[in-house]
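**Q** Here's the letter readout for the chains.
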Amino acid sequence: MSEEKPPTGKQKQIAISEFFEKNKHFLGFDSLQRSIITAVKESVDNSLDACEEERILPDIRVEINRLKDDRIELISQDNGPGIPRGSIEHVFGKFLLGSRFHAIRQTRGQQGIGITGVVMYSQLTTGSKTTVVSKVIEESSAVRVDLGIDTRKNKAIKSGENREVWVDEVTGEEVRHGLKIRTEMKAKYQRGRQSVYQYLRMTSIVNPHASISLTVKDRDGGVIEEGDWPRTTDRLPRVVEEIKPHPHGIHLGTLQRMLRESEERKMTSFLRHNFSGVSMRAAREILKKAGLEESRQPRRIRAEEAQAVLDSFQKVKLLNPPTDCLSPIEDLLIKKGLSKAIDSRFASTVTRDTRVTQGNPFQIEVGLVFGGDMPADSPIEILRFANRVPLMYQQGGCLLTKAIESVDWKRYGLDQPGGKGVPKGPAAVLIHLASTNVQFTSEAKEAVASNEEVIDEIRRALLEVGRGLRNHLKKSSQRKKAREKFELINVILPEISQKSSQLLGREEPDLAPVITQIMNAVFCEEALGWNVDGKLTTCDITVFNYTARARAYTILAKWPEGDGVEMVYNPLGGRKETHGLWAWRLDTLDPGSSAVISFSVSGLGKGDWVDMEIFFRGNGDIIGATKIDENLLGEMRKKEALDAAVEEARGSEDDAMVGLAERAGESSDEVSEGAVETDWGSIAPESGVDE
Amino acid sequence: MSNSRQKSKEEVIEALHNVASEMHDKMSKGTPPTMTLPVRSKSNIGFDQKLGVYKYGKKRTVRDAKSLGSARQLLRSLHVTEFIEEMINSGKSSTLREMYYISEAWGNGKFHSQNESNNLAEDLEIVTKCLREDFRLRPEEDGARIIGNVTFEERNRRGDWMRINCRDDVGDSGYGVPYNVESEKLRLIEEDVDFVMAIETGGMFDRLVENGFDEEARCALVHLKGQPARSTRRIMRRMSDEWKKPIVVFADCDPWSFRIYASIAYGAIKTAHISEYLASKGAIYLGITADDILAYDLPSDDLSKQDLGALEAELSDPRFSTGWWQQQIDLMKEMGKKAEQQSLAKYGLDFVTDTYLPEKLAHPDVGLPY
Numbered sequence: 012m013s014e015e016k017p018p019t020g021k022q023k024q025i026a027i028s029e030f031f032e033k034n035k036h037f038l039g040f041d042s043l044q045r046s047i048i049t050a051v052k053e054s055v056d057n058s059l060d061a062c063e064e065e066r067i068l069p070d071i072r073v074e075i076n077r078l079k080d081d082r083i084e085l086i087s088q089d090n091g092p093g094i095p096r097g098s099i100e101h102v103f104g105k106f107l108l109g110s111r112f113h114a115i116r117q118t119r120g121q122q123g124i125g126i127t128g129v130v131m132y133s134q135l136t137t138g139s140k141t142t143v144v145s146k147v148i149e150e151s152s153a154v155r156v157d158l159g160i161d162t163r164k165n166k167a168i169k170s171g172e173n174r175e176v177w178v179d180e181v182t183g184e185e186v187r188h189g190l191k192i193r194t195e196m197k198a199k200y201q202r203g204r205q206s207v208y209q210y211l212r213m214t215s216i217v218n219p220h221a222s223i224s225l226t227v228k229d230r231d232g233g234v235i236e237e238g239d240w241p242r243t244t245d246r247l248p249r250v251v252e253e254i255k256p257h258p259h260g261i262h263l264g265t266l267q268r269m270l271r272e273s274e275e276r277k278m279t280s281f282l283r284h285n286f287s288g289v290s291m292r293a294a295r296e297i298l299k300k301a302g303l304e305e306s307r308q309p310r311r312i313r314a315e316e317a318q319a320v321l322d323s324f325q326k327v328k329l330l331n332p333p334t335d336c337l338s339p340i341e342d343l344l345i346k347k348g349l350s351k352a353i354d355s356r357f358a359s360t361v362t363r364d365t366r367v368t369q370g371n372p373f374q375i376e377v378g379l380v381f382g383g384d385m386p387a388d389s390p391i392e393i394l395r396f397a398n399r400v401p402l403m404y405q406q407g408g409c410l411l412t413k414a415i416e417s418v419d420w421k422r423y424g425l426d427q428p429g430g431k432g433v434p435k436g437p438a439a440v441l442i443h444l445a446s447t448n449v450q451f452t453s454e455a456k457e458a459v460a461s462n463e464e465v466i467d468e469i470r471r472a473l474l475e476v477g478r479g480l481r482n483h484l485k486k487s488s489q490r491k492k493a494r495e496k497f498e499l500i501n502v503i504l505p506e507i508s509q510k511s512s513q514l515l516g517r518e519e520p521d522l523a524p525v526i527t528q529i530m531n532a533v534f535c536e537e538a539l540g541w542n543v544d545g546k547l548t549t550c551d552i553t554v555f556n557y558t559a560r561a562r563a564y565t566i567l568a569k570w571p572e573g574d575g576v577e578m579v580y581n582p583l584g585g586r587k588e589t590h591g592l593w594a595w596r597l598d599t600l601d602p603g604s605s606a607v608i609s610f611s612v613s614g615l616g617k618g619d620w621v622d623m624e625i626f627f628r629g630n631g632d633i634i635g636a637t638k639i640d641e642n643l644l645g646e647m648r649k650k651e652a653l654d655a656a657v658e659e660a661r662g663s664e665d666d667a668m669v670g671l672a673e674r675a676g677e678s679s680d681e682v683s684e685g686a687v688e689t690d691w692g693s694i695a696p697e698s699g700v701d702e
Numbered sequence: 326m327s328n329s330r331q332k333s334k335e336e337v338i339e340a341l342h343n344v345a346s347e348m349h350d351k352m353s354k355g356t357p358p359t360m361t362l363p364v365r366s367k368s369n370i371g372f373d374q375k376l377g378v379y380k381y382g383k384k385r386t387v388r389d390a391k392s393l394g395s396a397r398q399l400l401r402s403l404h405v406t407e408f409i410e411e412m413i414n415s416g417k418s419s420t421l422r423e424m425y426y427i428s429e430a431w432g433n434g435k436f437h438s439q440n441e442s443n444n445l446a447e448d449l450e451i452v453t454k455c456l457r458e459d460f461r462l463r464p465e466e467d468g469a470r471i472i473g474n475v476t477f478e479e480r481n482r483r484g485d486w487m488r489i490n491c492r493d494d495v496g497d498s499g500y501g502v503p504y505n506v507e508s509e510k511l512r513l514i515e516e517d518v519d520f521v522m523a524i525e526t527g528g529m530f531d532r533l534v535e536n537g538f539d540e541e542a543r544c545a546l547v548h549l550k551g552q553p554a555r556s557t558r559r560i561m562r563r564m565s566d567e568w569k570k571p572i573v574v575f576a577d578c579d580p581w582s583f584r585i586y587a588s589i590a591y592g593a594i595k596t597a598h599i600s601e602y603l604a605s606k607g608a609i610y611l612g613i614t615a616d617d618i619l620a621y622d623l624p625s626d627d628l629s630k631q632d633l634g635a636l637e638a639e640l641s642d643p644r645f646s647t648g649w650w651q652q653q654i655d656l657m658k659e660m661g662k663k664a665e666q667q668s669l670a671k672y673g674l675d676f677v678t679d680t681y682l683p684e685k686l687a688h689p690d691v692g693l694p695y
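Top line first, the protein sequences correspond to chains F and S. Number 599 in the numbering used here belongs to position 588 of the first sequence; there are no gaps in the numbering. Number 693 in the numbering used here belongs to position 368 of the second sequence; there are no gaps in the numbering.
What the hints contain is simulated information worked out from the structure, not anything from laboratory work. You may find that some hints are simply not true.
As a list, the in silico DSSO-like pairs of lysine-lysine whose alpha-carbon atoms are at most 30 Å apart [stated by the list, open to error]:
{"hint": "1", "chain 1": "S", "residue 1": "Lys510", "chain 2": "F", "residue 2": "Lys638"}
{"hint": "2", "chain 1": "S", "residue 1": "Lys435", "chain 2": "F", "residue 2": "Lys491"}
{"hint": "3", "chain 1": "S", "residue 1": "Lys630", "chain 2": "F", "residue 2": "Lys485"}
{"hint": "4", "chain 1": "F", "residue 1": "Lys492", "chain 2": "S", "residue 2": "Lys354"}
{"hint": "5", "chain 1": "F", "residue 1": "Lys435", "chain 2": "S", "residue 2": "Lys630"}
{"hint": "6", "chain 1": "F", "residue 1": "Lys492", "chain 2": "F", "residue 2": "Lys328"}
Listed next, with one range per pair, are the computed distances between beta-carbon atoms [claimed, not checked]:
{"hint": "7", "chain 1": "F", "residue 1": "Ser389", "chain 2": "S", "residue 2": "Trp581", "range": "49 to 57 Å"}
{"hint": "8", "chain 1": "F", "residue 1": "Asn501", "chain 2": "S", "residue 2": "Thr647", "range": "40 to 48 Å"}
{"hint": "9", "chain 1": "F", "residue 1": "Leu515", "chain 2": "S", "residue 2": "Lys332", "range": "15 to 23 Å"}
{"hint": "10", "chain 1": "S", "residue 1": "Ser438", "chain 2": "F", "residue 2": "Thr553", "range": "47 to 55 Å"}
{"hint": "11", "chain 1": "F", "residue 1": "Phe497", "chain 2": "S", "residue 2": "Arg512", "range": "27 to 35 Å"}
{"hint": "12", "chain 1": "F", "residue 1": "Leu68", "chain 2": "S", "residue 2": "Ser438", "range": "30 to 38 Å"}
{"hint": "13", "chain 1": "S", "residue 1": "Lys332", "chain 2": "F", "residue 2": "Lys421", "range": "52 to 60 Å"}
{"hint": "14", "chain 1": "S", "residue 1": "Asn481", "chain 2": "F", "residue 2": "Asn501", "range": "48 to 56 Å"}
{"hint": "15", "chain 1": "S", "residue 1": "Ser438", "chain 2": "F", "residue 2": "Arg249", "range": "42 to 50 Å"}
{"hint": "16", "chain 1": "S", "residue 1": "Ser438", "chain 2": "F", "residue 2": "Glu180", "range": "40 to 48 Å"}
{"hint": "17", "chain 1": "S", "residue 1": "Lys332", "chain 2": "F", "residue 2": "Glu498", "range": "34 to 42 Å"}
{"hint": "18", "chain 1": "S", "residue 1": "His437", "chain 2": "F", "residue 2": "Asn630", "range": "35 to 43 Å"}
{"hint": "19", "chain 1": "F", "residue 1": "Pro505", "chain 2": "S", "residue 2": "Ser438", "range": "22 to 30 Å"}
{"hint": "20", "chain 1": "S", "residue 1": "Val495", "chain 2": "F", "residue 2": "Glu498", "range": "37 to 45 Å"}
Far from chain F by the CB rule (all over 12 Å, computed), these chain S residues [stated by the list, open to error]:
{"hint": "21", "residue": "Ser368"}
{"hint": "22", "residue": "Gly382"}
{"hint": "23", "residue": "Gly394"}
{"hint": "24", "residue": "Arg397"}
{"hint": "25", "residue": "Glu410"}
{"hint": "26", "residue": "Trp568"}
{"hint": "27", "residue": "Ser641"}
Model, not experiment: these values are computed from the prediction. Positions of the beta carbon are idealized from the N, C-alpha and C atoms, including for glycine.
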């Protein structure tokens, strides 16, 4: 669009102003309250994107000052790469500009018209200019420039440009690279669910690599609101690759344009080189089904032939598009982000595998936190994100909300009056939809549009975290019971014995048989600790046999096996059962005896791992552990092996291998139908484990 | 209570030691310690033909140390036993509230609320067949107020016997009944009344006093202050026993007032172990009855959900199993109404003393001369 020649003269002037005026509801400037949020959003999103591209850990500072009347001053500063002097007008002064418009990959994306809209809104409502201070590392000083927009020519007007040494007001140090924007606009600052504060809080949750702070001051200079969200990880989001379109997501017009512009000489190479997921075998099959010669020249394909190609796209088994175009936040970082923003007792997160809908890869991540300070009697907090951007409006009409409403939360321990709708309880649920093409219900981009495959995927993720919650609640109640029993036998009973003996002047009885009678169960207790010196997470699992019979068990523990996370100390040995599950065979436990399994894990931060799940194999129940389901375990092993095969095949260019991988993919699909239920949370049988 | 019933120090300590002994014996046999006590609910009270009151039946509940809560109770019982033993040996006494505070020092055996300590004291009374007076434990609950031409002698703090006529020697608030009304503390000297009238609410008590009803009707008026304290019930029992005076109860017409009456006439469920000392058999329920609401067209309130539940429970309470009570309760349920004593004021301040009470007292079912 930006390539088209703009209309000239008066016509354009009207067009730009009218465009803004007519579209301000989806540009985000439709109310005074919302305008300031949108302005912050545009500048912060820009900062995050710029930092990500340059692999810089972002430090973002937002300052809002209330001025007289409905005027607000917004100052936003980052430590990003800055913008070279020559490009400033380009970035801030032009509508409908953006290098990302045609790229197929996950980006925060532009809301409306980006930062230009802020400059525009400022000018329209206050007549003032926006000041930009930019420092790029290659230059010795920063450039300061005042910007306005010439609505006539659709370009920025610079004024008062000069160079200066930029010293950070807070640190007192010279800024090496970064960008600062100061603008004034008509707006109203408000608090609550739809506020700048909430927006930044949510942004910090899904950008755990960013440090963000907010200061809001009243007219008298008094601070009315403050927020500080330091980064919790030094790991930047991974670099996302641009991908070629997938045949399943293509429209006829696009296909025709691609054919017209193609330099390829043969249709087979056209299909293989311009689309993702098309192997040689698949290309041949597509053409055969479309009734076209393989050697046809793309440029010569007629409209009805293109339609035939489009139709046969749906009839041929294709590889899914590659998924490295998506940047999930990942379980652990969601957990960190959530616990940074919300005080809670329990967090369960899941990052689902990438899936495809209409040729677009998408990935669902869900996090659930429970307990802590959250109110128990109001609806849970819903945190919605699309491509790491918080969605703050139109909650009710959003697919992400509908997915939450469609789950029977009572089963998982949350109150859900009437059995439907948003559940109540001390919990917050985060849903992140990452996709190369997020479909919104409207241009306002605040609510995700309905899509069967997406909602299905979210539901599955929610059930998974729900199972985690249910297990947690069950475990807490089991733990409470166990604690009570331990107090009973270790504290109260000896006192009863001592006191009664003393009153009666008799000998104290032997309590061992009494204890066995009271407990009559095997108990399992686990403790996760932190070894500061070794930066190790320490784990102790203690099993007590308080029954009258000898018991033999294999204990299995789920642990966060993964990149750089390793078991470094494990004197009992044992063996790997499957990915993330370790097993130890215990010696026979005599009545009244106990055994301890100790191990340490490296590669985790303090507090990263707080909740251990323990399973067992053997006869009789263990309070505090769950009997393992061998069938599900078997399927998990199978899936793990298949995933490995697919992964290997993907790495290969060999068509034969691709074919193999496609077949593996098919069978892995079959497994994953059932395997969806083999997620960790459900390794225990659904029924029969509740006491 | 008569001296013959009072247990010796040794008997009390032995009875308490039996409780500790049950626990110790169980543990020595390798089983969890227990404490056996009667079930304290309406399902386990029965009419004792010999005593003429309701007593606990044969149902026993065993409190064992399999759960933390009941293990704590056992430990507390032992602490209380030790505490009582110390008091007995040193000749001291304490209030139930003091014991609650003293338990702060008992570590894992401490009470978390006074209700807990009161209940446990009752448990021990029941199990040991002792009275809390035997345990040197006093309640803080207020005794009743009495006005009328009856004369008591009460031993004051100096140990002197003080003669008090409840008409001439008291102010408008009447004679305050002490918590201990046993013969070592209180003697019944003389009387010139025909009956004793127990009144539920202070407002009605004051109305009758102001109208001079005690003299007019030749009766002693007892203000119950809601659910009557043990000493209130005990002093009525003594007046009934020693002076052979009929007891009539004048209360609101609601399910809770019926229970007040039952505790006076038959014995309360919570204190069924000592009903024979507290209950005045033959006490008459004068009103307000469900019939009265209709007969006198009294202003009434709707029964609440709790009221209905209480009425329902009373229908299966053995103390209300007589035809008359069943009929009254059914009638109330049917009307869905309850009424206060003071609703009689609808017809003027004197209506209760000029019309209502005389009519009720003269009724053949009551048969008291007026």
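**Q** With reference to the structure, classify each hint as holding or not holding.
**A** Structure-based check of each hint:
no.	hint	result
1	Lys510(S) x Lys638(F)	violated, 68 Å
2	Lys435(S) x Lys491(F)	holds, 21 Å
3	Lys630(S) x Lys485(F)	violated, 35 Å
4	Lys492(F) x Lys354(S)	holds, 26 Å
5	Lys435(F) x Lys630(S)	holds, 28 Å
6	Lys492(F) x Lys328(F)	violated, 54 Å
7	Ser389(F) x Trp581(S): 49 to 57 Å	violated, 37 Å
8	Asn501(F) x Thr647(S): 40 to 48 Å	violated, 54 Å
9	Leu515(F) x Lys332(S): 15 to 23 Å	holds, 19 Å
10	Ser438(S) x Thr553(F): 47 to 55 Å	violated, 35 Å
11	Phe497(F) x Arg512(S): 27 to 35 Å	violated, 57 Å
12	Leu68(F) x Ser438(S): 30 to 38 Å	violated, 55 Å
13	Lys332(S) x Lys421(F): 52 to 60 Å	holds, 57 Å
14	Asn481(S) x Asn501(F): 48 to 56 Å	holds, 52 Å
15	Ser438(S) x Arg249(F): 42 to 50 Å	violated, 58 Å
16	Ser438(S) x Glu180(F): 40 to 48 Å	violated, 58 Å
17	Lys332(S) x Glu498(F): 34 to 42 Å	holds, 36 Å
18	His437(S) x Asn630(F): 35 to 43 Å	holds, 40 Å
19	Pro505(F) x Ser438(S): 22 to 30 Å	holds, 25 Å
20	Val495(S) x Glu498(F): 37 to 45 Å	violated, 54 Å
21	Ser368	holds, 29 Å
22	Gly382	holds, 29 Å
23	Gly394	violated, 9 Å
24	Arg397	violated, 6 Å
25	Glu410	violated, 8 Å
26	Trp568	holds, 44 Å
27	Ser641	holds, 34 Å
Violated hints for the displayed structure, listed by number in ascending order: 1, 3, 6, 7, 8, 10, 11, 12, 15, 16, 20, 23, 24 and 25.
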